[in-house]
Every structure is written in C-alpha cells, then in structure tokens.
Amino acid sequence: MVWRSVVDDLADVLLELSARRGRALLLMLAVALSTGALVAAVGVSTTASEQISADMAAQVLDEITLTAPEVGGEVESDDRSGAAGPVFTEGAEARVQELDMVESAGLRLDLDVVDSRPSRFETPETEQPASAAVQVFGATESYLEAVSATVPGGTAWMMSSESPYQVVLLGEVAAQELGVPSSGDLSGYRVWVNGHAAEVVGIVRSGDRADLSRAVVVPYAEAVTRRGDGQSRMTVRTELGGGGAVAEVVRVAARPDAPEKLVATRIVDLRDLRTGVQTQLGRMAGTVGTLLLLLTGLLIANSMVVAVVSRTSEIGLRRALGASRAGVARIFLLEGGSLGLMGGLAGGALGAWVVVVVSAVNGWGAVLTGVLAAAGPTIGVTIGVVASIYPSVRAAGISPATAIRVD
Amino acid sequence: MTRAITARGLSRTFDGPPTVQALRSASLDVEQGEKIAILGPSGAGKSTLLNLLGLLDEPTGGTFEIFGRETTAMSRRERDRIRRDSIGFVFQAYHVLGHRTVSENVLLKLTTARVPAASRARLVDDALGVVGLADLAGAVGRTLSGGEKQRLAIARAVVLRPRIMLADEPTGNLDAGNADAVLALLTDLAETGIAVVVITHDPRTAAWADRVVELDAGVLEGPDGLA
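The listed protein sequences correspond, in order, to chains B and L.
Position 362 (the first sequence) corresponds to 362 in this note's numbering; numbering is contiguous.
Position 65 (the second sequence) corresponds to 1065 in this note's numbering; numbering is contiguous.
The hints are simulated quantities; they were obtained by calculation from the structure and are not laboratory data.
Where hints are given, some of them may not hold.
[Unchecked claim] Derived DEER-like restraints, expressed as beta-carbon distance ranges: (1) B:Ala19 - L:Glu1078: 27 to 37 Å; (2) B:Val288 - L:Gly1098: 52 to 62 Å; (3) L:Asp1125 - B:Leu15: 16 to 26 Å; (4) B:Arg23 - L:Ala1176: 38 to 48 Å; (5) B:Leu295 - L:Arg1008: 51 to 61 Å; (6) L:Ala1118 - B:Gly397: 54 to 64 Å; (7) B:Gly22 - L:Gly1061: 41 to 51 Å.
[Claimed, not checked] Just so you have them, the derived chain L footprint on chain B, three or more residues with Cβ under 8 Å: (8) 22-33; (9) 310-318; (10) 322-328.
[As the list claims (entries may be wrong)] Footprint (simulated), chain B over chain L, 3 or more residues, beta carbon under 8 Å: (11) 1049-1059; (12) 1201-1210.
Each residue gets a CB set at the ideal place from its N, CA and C atoms; glycine is no exception.
Based on the sequences and whatever the hints tell you, model everything.
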C-alpha cells in the first residue's frame, strides 16, 4: 500500500517535471555540475595523490641497500671459502662514503642464530635462547651510524671491519634474553658466540631506521670470517632527495671493477606521506565540493519555494480532493529527490569522465572506486531532499481554503 | 434517511487586524438529493460557508455534522478522509491543470484517494462519459473551452461518487448555453441522491435550486434557512 502510494506520487512528480522541463533541466544541470565537480575533485585528488606519492617515492628516498644479486632470491650463497671473491672489496665503504650526497654507508652480515649459539655460558646447549628472541649479525661502525643506532661512546669503533677485538654489542631485548643487564656497568659480562667468548661492551639502542632491540652485534670482520661476505649488505644513507642520484652510481663506487656483481635497492617508506597527501588533497576537494553542494542546495530550495508559491492553487486543489498535509509535502520532497537523483547520476558520470580525461592527459592511472561512483546519485538525492524540506513544510502548511481561491 | 448536512450556529472569525466576522451563527440543513442555492452579494460570506461545509476550513463556533457525524472535533486526518471520500468540489475558476490531459486531471482524484490502479481507467471513462468529454480524454487541459473545463471539473468531482457536491459559482464564467448544461449535470447528480449545494449570485442558478438561502453580511437568512 505504501509503495503504491509512493509510485503514484512519483508518477505525479514526473508529470509535473515533464510539464516544466526547462526548470527541471536547469535544476538537474545545477545538481549535475555540483556533484560532478565534487566527484571529479575527489577523484582527481585521489589520482593525483597516488601519482604524487609515487613521484616522491622516486625523488625523496634516502636509503639504498647494496647486495649481491642472489641475496633475497631463491639462490643464496653461503660461500665461506670466498673462492668466488668477496662481494665488497676492500675500501668499498670508504669509496661510497666519498660520494656526494652520501651521509653514511656501512656493512652488515647476518649470521644464523642457531649456528652462532649466542649464550652467557661456554656450553650453551641447555641455555640456548629461542632463535626468534635474538638476531646475530656483524656490523661495521658505519652501519650503526647509517641506521641511526645509539652506541655507548667509545665502543662503536670496535665494530669496524678492521677490529681485532672479541667484543659484542647487545640490544635491550637480547641482553635480557642472555641475562645481561641493559644498563649500568657491564664490566666482566661476556657472552659466547660461535663458541668464542666476547666482551659485552655496550647496549645498542635502536634508531628510526632499524630495530636493533634483539641484536647481538659482532664486528663485521669476525662475521665475514665465519660466513664469507656473500650475504653482506651495505646500507647507504643519503641526503633527502639524493637517493635517486646516488643509486645511479653507488654500485660503481662500491665495486669499480665489477659493478654488475651488486644490486642497488631503493628503500623508502612513504606511507605516512601518502596518507598526508591524500588527506590534504581530499580535504581541499571536499571543501570545494561541499561549498558547491551548499550553493546547489540553496538554488534548489529557492526554486522549490518559488514552485510552491506558483503552485498554490494546485496545492489547494489537491487538498480539496482529499490530499493530506503530509501528502502535499511528500510530493515536493519527491520532486526534490527526483531532481537530485537525476542530476546526481549525470554528475557522477560527468565527474568520472573528468577523472579519466585528466588522468589520460597527465599520463596518470585513473583511480575510480565504487564508493566514488555511487557518490554522485547518493549526494544528489540527499541534497535534493534536504533542500526540499523547507519548501515542503511550507507547502503543507498552506491553508486549503486560502489556496483554492488563488488563481 | 440521514441528513447530509446539519450546521448549527456556525461562525467563522478571522483574526485581524482588523478582526473580520465572516460568518455569524449560521444554521443550515441539507437533505440527500436536495439542490440548495446560497445566494448573496460579494463579501457576504458565501465562500467562507462553502469552505466550512467542505471541511477546507474550521469554524470558530457552532457545530457541523456530515451524515450525522460531528466534524468540529475531528482530527485533521479524519477531516481529510471525509473530504476525500464524501465531498466533491466544483470551482468557478475550474482548477483544471492545464499541462495535463483531461484523463490525467480526473486521475488526480483517484491517485489522491489511493484507488487501485486496475479500476482507474474504467472510473475515468465513466466520469468523462457522464459529462460528455469522452472524446476529449487525451486533450490537454489548457486547450479546453470554459464550458469544457467546468464539465471536466464536474467529472473530477463525481468520479468517486461523492455524497455531497459543493459548487462555488459553477456558472459564473460560462455563457448561457454552457451554464444550462452544467446545471443540467448537477440536476442529474442530485437525482442520484447527491446533496448539491451551489453558491451563486446568479438569479437563474437560484431559480434552478430546490431551495434558496440568502446570506448577507455573514448572516444566513430567508424562509428556507434556519437562521
């Protein structure tokens, strides 16, 4: 019963709209332009922010990792003999550090935690920590600098690849796992790595580049002695924006004789930046679109009020025929909603078209989500109905006795 | 037989400034099938009385019954329902929607009354047949002559067989020939048992009625009235 009433009212509204095509088309055009502008603005800003973040990722990276080609792939070398020659030749760090825009560059070599058997005791079988609890690797002083680690003064140099000392740095969690205090005097504390005792010379604190809390850091040279440097990696920190340029030449600097034996991988985390860009552009687009929608709402409301006044006689007739106040209000709400829906559909299509065209012109990949596609008609209906509330209430409040006397 | 209209001491005062007492303690009985003419000069309160009788307005005093049901204490929704189901209106200005066809004008009454879609076409055809507009069913309202518009208004008023017909100057804008045709239609309706109340200042229309009640300065007078 209710849906039949709505269908009757809708047919009635369409008759009225078709009778006033010019007005209806103008209002639909206004809704289409405003919703289209909103959809286009949001769509273009989303597309642009994706593109901007991609561009920035190429330009703003400030960290590069150099490895042998097979590291991280399916084929991994564990060449202890070094028969194929070292991956990083002598002086590689220094040569890379001399490059313009390079702030620091250091080597790291991960060791197998099970083979290394880090322990507080010489016979570790009964006290072997869980392999996930610590990670053992060799690192140079420059590596610790490159990952912004904080090392107790006077100890970082001991990690230098030329260091002859049997020393170790511990992360806070690793220290706890191995029964070493994470603060205070560490004199006399030793841990066993690969069956050799090493003095604990300090607690290394993580910087913003790497989590070292579980680290058991031995001198890089010692790690190479254990495993060869086939799995070594060099972390290169550059000035902001210098990553792209440095990445072009870093392999040659590290291995002038055979740069093809190294792979440079750019590392950058721009998730926060991308979110920021999207948020800011989204706010801008949303603000512009909302202002347009408000203006359109006012336009619809004004037009509907004029329609109510011009149709006062018809309202009187409808009341005389038995229409209730709610019935009269429903007619005008449906009219506003219908105008909004049709305008919103057109606006959604228009906005999507603009996004595609703008993206094509700029060579971007268009980003059009389902939510964005549904936004046009949804916003159109909403703005149409909301803008019609006041005119509807006004129409419903007209006295039929007065209205029927209006010619 | 239940009386169609029973009004007692009906008054309507409009708040000012200045305050206007458009109707003063009017009493009126109308039987089913009766043709009543309410005669009076402009400003006498004729339209005010018609609006009260048609439940388009509410009196500020008195009682008013339709087929024995007191209406002054009714809810707005109930008054809407009675107006929709039991009362037909014909206005001097026709109130034909010019951009709609003749059929669509009549259909407006049926959709307002939520008549099932299956029976609408037949009801429209019947009503247009009664007033002689069947051949103009597809014509647009604004193309009709004055007499055709008034006949269309009557078709719209009678399509659901109301029990009371209220007509405000139904012949006021018509020439003599069309006026006679409209009065003949109203006579036919009265003969089917519909109570017909016509407001007029035209002596010819007054002569057509079974009974004439005069209204002057808001006071209902005359041997046929109860005032």
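Going down the list of hints, with the structure as the test:
For alanine 19 (chain B) paired with glutamate 1078 (chain L), a C-beta distance near 33 Å keeps the hint of 27 to 37 Å intact. Our hint of 52 to 62 Å for valine 288 (chain B) and glycine 1098 (chain L) is violated, since their Cβ atoms are close to 42 Å apart. The supplied range of 16 to 26 Å is met by aspartate 1125 (chain L) and leucine 15 (chain B), whose beta-carbon atoms lie about 20 Å from each other. Between arginine 23 (chain B) and alanine 1176 (chain L), the C-beta spacing of about 40 Å keeps the proposed range 38 to 48 Å intact.
Judged by the Cβ atoms, the range 51 to 61 Å given for leucine 295 (chain B) and arginine 1008 (chain L) holds: they are separated by roughly 56 Å. Look at alanine 1118 (chain L) against glycine 397 (chain B): about 35 Å separates their beta carbons, and that is not inside 54 to 64 Å. For the pair glycine 22 (chain B) and glycine 1061 (chain L), the supplied restraint of 41 to 51 Å holds, since their beta-carbon distance comes to about 48 Å. Remark: the region 22-33 of chain B is not confirmed as covered by chain L, as 0 of its residues place a Cβ nearer than 8 Å to a Cβ of that chain, below the required three.
Coverage of the region 310-318 of chain B by chain L holds in this model, with 5 residues showing a Cβ closer than 8 Å to a Cβ of that chain against a need of three. With 5 residues carrying a beta carbon less than 8 Å from a beta carbon of chain L, the region 322-328 of chain B meets the three-residue requirement, and the given coverage holds. Residues of the region 1049-1059 of chain L lying with their CB closer than 8 Å to a CB of chain B number 4, which satisfies the three-residue condition for coverage. Look at the region 1201-1210 of chain L against chain B: 0 of its residues bring a Cβ nearer than 8 Å to a Cβ of that chain, fewer than three, so the hint is violated.
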